[in-house]
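Residue strings, one per chain:
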Amino acid sequence: MDSKTEKHSWETFLRRPGDLREGVEMPMALRDLTSGKKKYQMRHVVAAVSRKPEEMASMDILHVRTVVGVLLSETWGVKIVRDLPTELPGRPYHDFYEALRKASSTGS
Amino acid sequence: MFNDTRDFIEALRSSGDLHEIEKEVHWDLELGAVSRLACEKDGPALWFKRITDYPSDITAFVNPMATWRRVAVTFGLPADSSLKEIYAEYEKREGRLIPPVTAKAGPCKDVIKLGKDIDIYDLPAPMLHDGDGGRYLGTWDMAVSRDPETNWVNWGMYRFMVYDSRHLTGFPRPTSHLGKVFQDYYVSRNKPMPMALVIGADPISHFTASATYHIGGEEAALAGGLRGAPVELVRCETNDVLVPSNSEIVVECEVLPNCVGLEGPYGEYPGYRTGEMGNGILCRVTAITHRKNPILAVDATGYRDDSSTITALTGAIAIKRRLERHGLPVLDVNVPREGAVHTAVIGVKYGGKQVAKEILETLTSRRALLSKIFLVDPDVDVYDLGKAFHAFSTKCHPAHGIHVIHYEGRANTLTPCYSQGERALQKGATALYDCTWPGEWSREWEVPVKATFDTIFPDSMKQKILSEWKSYGFKD
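Residue numbers (my numbering), protein chains in the order written: chain E, 1 to 108; chain S, 1 to 476.
Hints listed in this document are in silico derivations from the structure and should not be mistaken for laboratory results.
Note that CB positions come from ideal geometry on N, CA and C, so glycine has one too.
Check the hints yourself; a few may be wrong.
[Said to hold, decoys possible] When the alpha-carbon atoms are kept at most 27 Å apart in a straight line, the in silico DSS-like pairs for lysine-lysine are as follows:
hint : chain 1 : residue 1 : chain 2 : residue 2
1    : E       : K37       : S       : K387
2    : S       : K349      : S       : K292
3    : S       : K49       : E       : K39
4    : S       : K113      : E       : K37
5    : E       : K38       : S       : K349
6    : E       : K38       : S       : K109
7    : S       : K23       : E       : K38
8    : S       : K49       : E       : K37
9    : E       : K38       : S       : K49
10   : E       : K39       : S       : K292
11   : E       : K102      : S       : K191
12   : S       : K427      : S       : K450
13   : E       : K39       : S       : K349
14   : S       : K357      : E       : K39
15   : E       : K38       : S       : K292
16   : S       : K387      : S       : K427
17   : E       : K37       : S       : K292
18   : E       : K37       : S       : K23
19   : S       : K191      : S       : K116
20   : E       : K38       : S       : K116
21   : E       : K39       : S       : K113
[To be verified] Partial list, derived from the structure: chain E residues whose beta carbon lies under 7 Å from chain S:
hint : residue
22   : V24
23   : M26
24   : A29
25   : K37
26   : K38
Please take these sequences and the hints and turn them into a complete structure.
Okay, here's the thing in structure tokens:
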């Protein structure tokens, strides 16, 4: 594929089925699958995801892994709306996803 | 005595316990897959000389002590020493403490990266397993931290994952010594905790970092005692933490008291990747220092990894000491390699219901790493798993011989059989299988007689048979 048209690939981990929802902007932790020394770099974002082919055509590719690291066969489309801080406010040893939700709702 | 990783590598080369790989290997799964298979084959330690995307002056040394041969070499014993001899050597040395000494400089300062020069991706942290949460820089490490209230310095071997160029996430369990000091002191005051992640120090220092050691115990002094000479320490560049001066790599950090990052999941020492994810800590890197031609030390974590030897060994002796302190009739303890630090075989002078319950309570009161305990009588060699299994199969009463204690807030969340719900609550249980004869049974009338050569013949007959063995036509 031409590098100009090659889509960016990301991966995300979910705690449970149904955590990824279409039609809403949601906070996510994405890791960058671009080859090279910095592969797997993490990024906190608010993003929209879709399984609709017509929407996926204009989106980046999102691979999904479960809480035990199993890669699901279905890929999604993802569009990053805005970034959230890397140093995400939250209480150590407490749920990261809850902190992510709070940061997105407070506009951090 | 080894002063650094390089001395140790030389010793392993001499004993035939090192394999050097000149072929280029990719940090993204290839290094991890080669190392995992080598580990499962009980193969040698590995030294990868060329890593994709990285210059040839940085190499990776993997699975330092994943066999008993390499643990024996670490202690200066013959590589073919028996498990019993290795346990005995550690037990002999662990009571002696030699405090560390400090130096003004050391090889770990050959290269110093501060400020904008910090980039964790300059280190070839491997993606060890397909589906891990990230690349793990800290596997064969020691996280050094200090309790400001008591000045207690803790060394611990915990997992740390690369997050971005300047951040790591980690999972020293909340019940770990680091986790406890961090929460009790730093989080409660909203202060960042200074920490150093040391990679590739001398082997005994890593051994002690992975050891089960009591709160307030200084692993640096334990390492000195085990080595027979003090560990030389040098101060970090951006905090007051002291680290072994001969370390290959030191990553200086602040553990943030009010921020989080996604950590895990990770294929861990129990031999599984459980759903332990998103409940760790976030570290901001403040400096990276390393030796010239640094060697990244790695534990290819999983089934029968380095913890299956060293954490098991130190854990076994710690259990023995704890039971002795509580006045319980312990003789020997073995944490078998195949049990992934979840199972212990405990030999006692005498057993019975009361002893079983007291042992169960003593070993689960603060944090409960073990989920299965086999209690055996003195006639069972705790290091002989076949004999222990025979005792379990024949002496453990299926209705009255299994004691279970339930707890919450202190379970080992990496235990694979726990549900995600139990993991979240640190909820679990430990079962003790009492394979001892009931104390109230009469030795003359009720205790069954063991039908083995050692136990069911008179001494005179045994001596005759042994002395005349070859006369029956046997060679050995």
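The hints, checked one at a time:
no.	hint	result
1	E:K37 to S:K387	violated (51 Å)
2	S:K349 to S:K292	violated (54 Å)
3	S:K49 to E:K39	holds (21 Å)
4	S:K113 to E:K37	holds (18 Å)
5	E:K38 to S:K349	violated (57 Å)
6	E:K38 to S:K109	holds (25 Å)
7	S:K23 to E:K38	holds (22 Å)
8	S:K49 to E:K37	holds (17 Å)
9	E:K38 to S:K49	holds (20 Å)
10	E:K39 to S:K292	holds (25 Å)
11	E:K102 to S:K191	holds (22 Å)
12	S:K427 to S:K450	violated (39 Å)
13	E:K39 to S:K349	violated (56 Å)
14	S:K357 to E:K39	violated (51 Å)
15	E:K38 to S:K292	holds (23 Å)
16	S:K387 to S:K427	violated (32 Å)
17	E:K37 to S:K292	holds (20 Å)
18	E:K37 to S:K23	holds (19 Å)
19	S:K191 to S:K116	holds (23 Å)
20	E:K38 to S:K116	holds (16 Å)
21	E:K39 to S:K113	holds (22 Å)
22	V24	violated (20 Å)
23	M26	violated (15 Å)
24	A29	holds (5 Å)
25	K37	holds (5 Å)
26	K38	holds (5 Å)
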